[in-house]
Amino acid sequence: MKIAIIGHGRMGCEIEELARDHGYEVTVVIDNEDDWNSQFEQLRNADVAMEFSMPETAFRNITRCFDAGIAVVSGTTGWSDKFDEIKDSCIRGGHALFYASNFSPGMNIMFELNKKLAKLLGRYPGYNILIEEIHHAGKIDAPSGTAITLAKDIIHYHPVKKIWVNKPAKSPDQLEIISLRRNQVPGMHFVKYDSPADSLEIRHTAHSRQGFALGALMAAEWLAGKKGFFSMSDLLYDNE
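Numbering (this note's numbering), first residue to last: 1 to 240.
Because the hints were derived from the structure by calculation, they are not lab data. Keep in mind that the hints are not guaranteed to be accurate.
[As the list claims (entries may be wrong)] Here are the simulated distance ranges between beta carbons: (1) V185 x P105: 17 to 23 Å; (2) L113 x D31: 32 to 38 Å; (3) L120 x D173: 15 to 21 Å; (4) D238 x D173: 32 to 38 Å; (5) D198 x R10: 35 to 41 Å.
[Stated by the list, open to error] Capping the alpha-carbon separation at 27 Å, the derived lysine-lysine pairs in DSS-like fashion look like this: (6) K192 x K227; (7) K167 x K152; (8) K139 x K119; (9) K82 x K192; (10) K87 x K162.
For every residue, glycine included, the Cβ atom is placed at its ideal position computed from N, Cα and C.
Let the hints inform the model, and build the full structure from the sequences given.
So this is what it looks like as structure tokens:
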């Protein structure tokens, strides 16, 4: 498999290193506009682009990969305002895009547990719900895309919560997300249910970025030969 790296930050570097360790060929690394201008033709030689860039560049990066005729695996968060547009462009144009706010297999299993828990505990109105996420100080977006995914799933399955807020909740229908930034923390996410009688919590702690990079490469392998828009749920449930 020939891989293009789009965005050469922490995740891009981790994916590049792991890809080479697994015997994949990294054909091009694009990290800025000069790289796009000088290396676009090289991009066409890749089988898949691993797009882990910045919120302000993700939409254009993915569009350029579509123009080059290659599949895209993207994990950039913080650009949800244009997400439906890129998804529609993917489907209408017959392209291939695999998107996830978090590529950790463990985190995606937590997503499934989170949905089930929200549905079950929605029957018991005495529980308040809180999401907390902790990341490294260099993370730009807050709350994290992963926390937003957790929140959206709770809102979908829980009968009380209607909107998430990144501040103290002021009404029962608000789902509070607490965002903390600390040095050298790859990522921690907690979903807490608290009542006068008891408390219940699920959590995921990333020890390094390697798990995210491995999940992204798994997605790239799985995407080969496919057309359409896909997520980690498609990969997780593919063999069922």
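Structure-based check of all given hints:
no., hint, in the structure
1, V185 x P105: 17 to 23 Å, "20 Å, holds"
2, L113 x D31: 32 to 38 Å, "36 Å, holds"
3, L120 x D173: 15 to 21 Å, "19 Å, holds"
4, D238 x D173: 32 to 38 Å, "36 Å, holds"
5, D198 x R10: 35 to 41 Å, "38 Å, holds"
6, K192 x K227, "38 Å, violated"
7, K167 x K152, "16 Å, holds"
8, K139 x K119, "31 Å, violated"
9, K82 x K192, "30 Å, violated"
10, K87 x K162, "24 Å, holds"
The structure is inconsistent with the numbered hints 6, 8 and 9, although it conforms to all the rest.
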